[in-house]
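A.B. asks: Quick note, the sequences are listed as chains X and L, same order. Those letters in the first sequence? Residues 1 to 437, per my numbering, in order. Those letters in the second sequence? Residues 1 to 195, per my numbering, in order.
Hints were generated in silico from the structure; no laboratory data involved. The beta carbon of each residue, even a glycine, is placed where N, CA and C say it ideally should be. Please note: incorrect hints may appear among the correct ones.
[To be verified] Not everything, but these chain L residues come out facing chain X in the computed CB check (under 7 angstroms):
| no. | residue |
| --- | --- |
| 1 | F18 |
| 2 | Q21 |
| 3 | I28 |
| 4 | Y30 |
| 5 | Q32 |
| 6 | P105 |
| 7 | V106 |
| 8 | A171 |
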Amino acid sequence: MRLTNNQSLEQLLPFWQKQGWITPENAQAMQAYYRTDPAQSSSRSFSAILVLFACLLIGGGVITLFAANWANLGKTARLILSFTPLVISQITLFFVMKQRIDHALWREAAALCVAISVGAAMGLIGQTYQIHSSLLNFVLTWLLLSLPLAYVARSGAVMLFVTGLIVWGHSLGLNWFSMQEHGPIFTNGRALLLLVPWLVWQYRGGGYMAQNGLWRTLVVTITLVYALWAVIVLTDQYRDGLTLWILLWSLASAVYLGSHAFIPGRSVLSTLSALGLAGLLLSAIEFWRYGIYGYETEATLAAADEYSVIIFLGLAVAAWFARRGLGWQRWALVAAGFVVAGMMALVLYFPGSAWAWMWVITVLIFVLGIGFVHRDIEHSLVGLNLALLWILFALGMRFFDDSTALWFKGMVFIGFGAGIIAVNSIAIRGRRKGEAA
Amino acid sequence: MKLSQKTIFTLSVLLMVFAAQWAVPGAIIYQQETLRQEGTVHRFQVQPVDPYDVMRGRYVRLSLLADQALIPSDEENLQHGQMVYAIMSEDAQGFTTLEKLVIEPVANSIEVRIYYPSENTGQYRVRLPIDRYYLPEADAIEVDHLMSWRNRESMPQASVDVAVRNGKAAAVGLNLDGMPYRQWLEAHQEDAGQE
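Turn these sequences into a full structure, and let the hints guide you.
C.D. replies: The following block contains the structure:
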């Protein structure tokens, strides 16, 4: 029997007892130990990350409020504001690397903040000076300035972020004219080669915790998805909704089956589900726009990252059933993959329905998020925060998508950041009271 | 606290990464400031549309009429995506037009990219490096609102001022009916009520 990290202690203990390797007392002792300290430590760390994220949201909200009054600020004030987040995050990362280098949480959070601030600084300067570089060049520069952070700060979070930039660059660069004008880096998945040194480094023991599994799964999935696009585009099969449906479904199943070999740790799946939803919502604009206007080829290409997200969703559903101990996750994946792939195929086949699906997905995620908050507020900080992330992305995406006033968006971000901090602090306090009692 | 050699090395590399993160936006600022101070301003006629960029805010997309013309060149086999220089001149209305494409920069030329080579005609469509003009959100909404109810005949004539230095270009102003767009907005405040 091959042991994988997907198997939980709860699944393994009865098996070990049956084999006579441990006594029932041993099993109880192990259960008692692992159900308390490590789990709590892990969920509190996650909670702390979310609080940092909430601080970023509040910071973003404040910047948005400044941006709402951008016209009234002088050039010097704009430039100072553009560099402020970068300076603060760089100073934080420097001190973390100097004094708390072994504290993964601080290092990850600070490095990610620097990576995000670099893009923010360039975007704001570009706006101030009316710079007309392409979005593709912007993404490429952002990627190249962020990538070294992953190695220097040993940050899996930055590597995931860079992977996201690569996917974004690919979906921008898939247009033939863009490829001709902006060079081949984002053509045919070549930018994925930037991840190879990280893969080698992790493989040779440079990695830590379970994050190598997280990013590796993401890369494997994205690579498979790009392979699928090539098949779809080259054979012109995208015009046939049923074929597309079956291809997507097959790919989702293949990735799931492969995931047993690639993904260590169940928590990776739940993290992927949150990342997947974020990706779906954040990258959907081009897809829906192309879909609405009926450019089927572009819609198929631009939807590439959506395919990978759909696969993540399928995996998440499967993981959810697996955690319930129902033991039929494979069937769950088959069903989920079939339904969501079919949904995407329908949108691609009937581009006019894109608006409807955009809102169906947003409302679905919002309702699910509220439901999970309700369910998890007493039980799981991880579940609670993932649910908050769902709602946040659902709200955020629709805000980016429309012309709601900037000051209102800024207030929503500040309110939501404060809400995440408040909900976490209430949940942690409630849990401590429960433990004391 | 005494730092280990490994930590000192890591911190040094980190500082170099930070320096690069400053150098890129810093170089952009230096280049843009020089361009604005020392460049010559040319006015290009445009057709504005109003999209929204998630990452970079609201802007007016500029469709330059110069981008739609076929520009002759003595050079053969210019390829799509190739960077060349267009010699500029001025038409009777004071708008800048592109006369001829050359490989090397000459006086009064601007860097353009070959967009669509015409088969064996020696004429090419090009793209200028100006395709958008960022507006404060309130201004963008107002321009959009004021222009949305106008028909083609009553649309203001839009143009963009472009500073050019050594072939490099940067947009420095958006004009409607020959006046800076803000001035035009103030002059047409009352039009909004006509919708």
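A.B. asks: Can you list which hints this structure breaks, lowest number first?
C.D. replies: 4, 6 and 7
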